[in-house]
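J.: Sequence:
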Amino acid sequence: MLERNTEKLIMGMAFAFAAATLLPIVKNTLRPLAGAGAGEGAEAGPGAGTGAVTGAIAGVTDRIRYALRTAREEVEDIVAEAQFERMRKRLDREIAAEAAYAMEKGEAPHGQPSH
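According to our numbering, the sequence shown holds residues 229 to 343 in order.
Treat the hints as calculated values from the structure; they're not laboratory data.
Among the clues, some could well be false.
[What the hints assert, rightly or not] Restricting the straight-line Cα-Cα distance to at most 20 Å, the calculated cross-link-like pairs of lysine to any residue (SDA-like) are:
1) LYS255 <-> GLY287
2) LYS255 <-> ALA244
3) LYS236 <-> GLU304
4) LYS236 <-> VAL307
5) LYS317 <-> LYS255
6) LYS317 <-> ASN256
7) LYS255 <-> THR298
8) LYS236 <-> ARG318
9) LYS236 <-> ARG314
10) LYS317 <-> MET241
11) LYS236 <-> LYS333
12) LYS317 <-> TYR329
13) LYS255 <-> LEU296
14) LYS317 <-> ALA327
15) LYS236 <-> TYR329
16) LYS333 <-> GLU322
17) LYS255 <-> TYR294
18) LYS236 <-> ALA310
19) LYS317 <-> ALA248
20) LYS317 <-> ILE306
21) LYS317 <-> GLU301
22) LYS236 <-> ALA248
23) LYS236 <-> GLN311
24) LYS255 <-> GLU301
25) LYS236 <-> VAL303
26) LYS236 <-> ASP305
27) LYS255 <-> GLN311
28) LYS255 <-> THR289
29) LYS236 <-> GLY287
[Stated by the list, open to error] Simulated restraints, written as ranges between beta carbons of each label pair:
30) ILE323 <-> TYR294: 35 to 45 Å
31) PHE243 <-> ARG293: 13 to 23 Å
32) GLU231 <-> ILE292: 34 to 44 Å
33) TYR329 <-> ALA248: 33 to 43 Å
Built from N, CA and C at the ideal position, the CB exists for glycine as well.
Model the full structure from these sequences, guided by the hints.
T.: Here it is in structure tokens:
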């Protein structure tokens, strides 16, 4: 139970860190995209019709998809790093426990007799 709560806490902290890190990136990415979309619509002119507007929207949509894909990959990297650190710490604890147990029995770690 305690391990599960600790895991939730770590994941929550990782997501909070990711959000705090990615929010400025997404904000700075979307601001020029919105400006580019408005610029593309203005370049087409008022009498250009719906084709120009659709093209401008498609361009902005593609850029937003790219930005969101990049942000998702960053979050996945952060989560993977958190999982790796958790596994590394767990393995370190297990190795330390095994070494302590072996020392109590008077053996070297991994079942080798001590000299």
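J.: Are any of the numbered hints broken by this structure? If so, which, sorted upward?
T.: Hints 5, 6, 11, 15, 19, 21, 27, 29 not satisfied by this model.
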